Amino acid sequence: MDAIWQGLIKALQLIISLDPEVLEISGRSLRISVTSTLLASLICLPLASLVHFNNFPGKRVLVNLTQTFYSIPTVAVGLFVFVLFSRAGPLGGLNLLFTPTVMVIGQMLLITPVLLGLTISALSGVDRPIIDTARSLGATGFQTTLLVLKEARFAVTAAVIMGFGRAISEVGIALIVGGNIRGFTRVITSAISLETSKGDLELAIALGIILMFAALVVNILLNMQQQR
Amino acid sequence: MPLIETADLCQRYGENDILQNVNLKVEQGEVFALIGPTGAGKTSLLRLINLLDLPTSGEIYFDGTSIAGSARPTIELRRRMAFVLQKPVVFNMSVYDNIACGLKWRKENKGDIRGKVDGILEMVALSGYKDRQARTLSGGEMQMIAIARAIVSEPELLLMDEPTANLDPASAAKIEALITDTIHRYNTTIIMSTHDMFQGQRLADRVGVLLNGQIQQSGYWRQVFESPRNEGVATFVGVENIIDGLVASSQDKIVTITVDGSVIEAVSDSAVGVEVCACIRPEDITLAKSKTSSSARNSFAGRITRIVSFGALRRIELDCGFPLVALVTKRSAEEMELDKGKQVYASFKATGVHVISRQGNDPD
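Which chain is which? The protein sequence lines are A and Z, in order.
Following my numbering, the numbering of the first sequence begins with 1 at its first residue and continues without gaps.
Following my numbering, the numbering of the second sequence begins with 1001 at its first residue and continues without gaps.
Hints were generated in silico from the structure; no laboratory data involved.
All of these numbers come straight from a predicted model, not from anything done at the bench.
Worth double-checking, as some hints may not be accurate.
What the hints assert, rightly or not - Below 30 Å or equal to it, Euclidean Cα-Cα: the simulated DSS-like pairs (lysine-lysine) are:
1. K1340/Z / K1289/Z
2. K1330/Z / K1349/Z
3. K1130/Z / K1107/Z
4. K1110/Z / K1130/Z
5. K1291/Z / K1174/Z
6. K150/A / K1342/Z
7. K150/A / K1107/Z
8. K1253/Z / K1174/Z
9. K1342/Z / K1289/Z
10. K150/A / K1289/Z
11. K150/A / K1349/Z
12. K1116/Z / K150/A
13. K1349/Z / K1291/Z
14. K1087/Z / K150/A
With the rest of the complex left out, here is chain Z (with noise of 0.2 Å):
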């Protein structure tokens, strides 16, 4: 039995649909993270799943109960999880009275209280800043008290809404520490909230896109950066290179897809004459000075048009007839002089085509 199961929950505020028919199973145990840009709803389901607010309609169940639909949710259930909201929330008290909240609301006798709080203090490395107040802290150090605050009272079910957000890579590296050790020693089910894919990789078992209010995908990480399910979630896994063609031949899984005059070849199921996008990842693309021949099905002659670096890679931005995104390394583009007007031969293998049907889009 799934530990969290939401069945159509909707959520609306005024005019404004803020979740549709959001169906999710999260498992005893599995660490689940909601990914989706700002403003797609991950808050507002969180929030839901928490009781703080009533769904419009819907049901929630928690470990097999209802939960959303009885008007006055049960103290004892929402005693069952913890929620870490995504701006740090200490209380104006000592940092120790900060994580012994939730412990004293249950109404535990002090020599536990204290034992399980110095704990937890020394998981997080704070012992030291036992007695500080909690307010004089830093956005990092305050978010780790929130968190050793929510699984303090160690919760079957931990929400946690973006809590690396607004974080300096350091600390925000020391939060995602934090997590894991979390999952390792307490075993907890979690479903964490995250714009940044690569942080959902990094800490769940599953993800579960959620766009405008709809989950559009579900599932482990490679399926769904691999295979995204329609445009949406090809853009937001950073597919970036997202071509829209119609399919002119299938055989044996092997398709054409016609784009603006040039062929492109694909691994696919679609049927001839059906509006497909081809969608590329950018470090999938193999660029060379000159044609040469190789396995890759797909060669195509192209201008660089722009040349973007961040870090240790360059993003070159090609014009092929169609816009072309590839991702090289700095050092390669150095040496094939790669720069602004040259022309290069960009090349990507027929297995590296995700191709998704334009008409079924829908998801589950």
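This is chain A alone, in the form it adopts within the complex (with noise of 0.2 Å):
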């Protein structure tokens, strides 16, 4: 309990005396996770989107699939992506591997399926004469999947704020991608898995606060855009 208390004052220390390194490592887990989630989100739309306006054979087997991958351990996405770029595999010529650049590539992969199978429910919830009424009024395809994610934004959203959780909150690809280099692919989940195995245990907790408290301005970020 006491390592608890010491943690959540220092974090109050580090948050109110702008500790720069804390400031640096909080302020690039945001740009990174925040970069994954939009990426991932501007390809996992209009991809759900497709998935539900169109019938296919296999339909159902995709669907199943995506959320089986829901929860694909972080490492095995580390480790799929290491193999990807790493200098004998096949992408090793780009030499991405220990930058922020792989790491957000690996967290879109890692968040593509909660998005894309939650962004594809969130549509089911959409009433069918809806989408009827809006192609009765002369929408195109277009403009009625526009209309649906619009009516099922609440959802959407849900699904949005689902991927950036668990891209933010992820260690496996940070640690085996990242490498976890000081003042460049240290992000706060590295830094704390860094610091409790140094024993430092304060700082590893200061930390995990001040995530939660990224986790929540995005939040509610995100809520304040889908009240508009």
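Bring the two chains, given one by one in their own frames, into a single complex with the hints.
Put into structure tokens, the structure is as follows:
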């Protein structure tokens, strides 16, 4: 218990004193995860609409498979991306291993199933008459899709928040393909992992609290967007 | 050239025939009511016309162009019509944005959209609701918005599926007034479905009776109402007395029909020996306490088996050897002291009997 209290006090101290390293690590965490969530959303929202509005053989299998990948371990994705981008791997020539870029790619892969699956179920929640009405009023397929996404905006936002939550909280990818390089790829989760193994529990707890705080800020922003 | 014409339109869903050989013609500027009970296929037919579904077979011509045959109906065609669904549907946005949707999708300029939407809001008397969230409105108001949203794009063809079903009488009256207003203001061609035959009568030029996926009869309201082609139509348009009998004699278009030992006289072309239904509207039957002589060719003594009151009317069920239903006002029922078990005389004119041949029940 004492460690937690100490951590809490230290977290407050670090936040109030605007500790440069903490700010830097938190900023990087947010940057990487917001980027990966945005990019994954840009891919998943149209893709989910395509899947939802079209019938094709294997649709159910695809949806089931997507849902299975909700629970893929972050280290498994990290390993996969590592193999892909390691010097001997198929994308080794890009020299991206141990960079923030490859961390973004890894996080995108990680959260794509969640975003895709939850967006598909968000769209399924929109009543058929809404779609019929839109079409009957002269909406094109694209205009209908936009309307349905807008009708499902609460559930779609929830999907994005879920995706962001999984991205910012993961540590497997950050350690394996990011490498936890100080000042370059170190993010909050990999820093917590390191500080814990070094025995600096207070700093680790402080960073954990800051991570929660960062997530809270992002959620508030998204919710405000949703209320508009 | 009719604005809408269907040719042998069929819709099958699995094993079920939803629509069978529907042939329909609706002229430019006409208001056509599809009447029929729930499940008759009215919604399916409207959905086919609006190109929301593709028919199993058959053709639909819109303004002379075949539209159902093309695998991918063009958006331009659909933008010439609008469809108001039975369940009031509003999008989760403001009333203004709801009504503006169709115009925005047509990429009309903002100034025009504002003018049109404001005009329509005034027409439906909902100007004060402009910025309200449409989802917070009542069912009747939502349906108003749905109709306003459909007519704001000034469609050539307006389709409405039971626009007043599930609404309270006051809201339904408002919607009817709006439809009437639309007819007068825009001269829109309208096809609407309703299970309320009197609504069809109030709003439409012509009606088509859809029963079990088939158009059984179409024509002017009076024609369908007074001369139903078959038993199904007769039942649906409210002919409560449909009595099976056999034509016993025929002379100068006056036939006698034997019914369980009684004889009914009617005006008909039916030949002797033909099995027929004699259709008599309950409001065409006169009741008297004693046998009186009158010009009515038919008079039967009967005992009252049941009296049901609705509003200012009493529905009197009689047993005259065959069942007969008469409709009288509350006041005359009271004056005649009509009561269950009492004997009365029911009379009706030979011209008040509509005779349907039971062999020739085929629709057109």
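| field | Holds or violated: K1340/Z to K1289/Z, with C-alpha atoms at most 30 Å apart | value | Given pair K1340/Z, K1289/Z holds - Cα atoms ~13 Å apart, limit 30 Å.
inquiry  = Check whether the Cα positions of K150/A and K1349/Z lie no farther apart than 30 Å.
reply    = violated, 64 Å
| request: Would you check the hint for K1087/Z and K150/A, treating anything up to 30 Å between C-alpha atoms as holding? | output: The given pair, whose Cα atoms are some 20 Å apart, holds under the 30 Å limit.
Q) If you draw a straight line from the CA of K1116/Z to the CA of K150/A, is it 30 Å or shorter? A) Satisfied, since the Cα-Cα distance of roughly 24 Å is no more than 30 Å.
| request: Mind checking the alpha carbons of K150/A and K1289/Z for me, to see if they're no more than 30 Å apart? | output: Violated, at roughly 70 Å.
Notebook entry, point to check: Taken at face value, is the distance from the CA of K1291/Z to the CA of K1349/Z at most 30 Å?
Noted result: Distance of about 15 Å is within 30 Å: holds.
#### Entry: Straight-line alpha-carbon gap K1253/Z to K1174/Z, limit 30 Å
violated, 46 Å
Pair hint K1130/Z and K1107/Z, alpha-carbon separation not exceeding 30 Å
holds, 21 Å
Q) K150/A and K1107/Z: Cα distance at most 30 Å? A) holds, 19 Å
Review point. Holds or violated: K1342/Z with K1289/Z, Cα cutoff 30 Å?
Key: holds, 9 Å
For K1110/Z and K1130/Z, compute the direct alpha-carbon distance and say whether it is at most 30 Å. Holds. K1110/Z to K1130/Z sits at ~16 Å (cutoff 30 Å).
| message | Check the hint pairing K150/A with K1342/Z against an upper bound of 30 Å on the C-alpha distance. | response | violated, 67 Å
Checked against the numbered hints above, the structure violates hints 5, 6, 8, 10 and 11; every other hint is satisfied.
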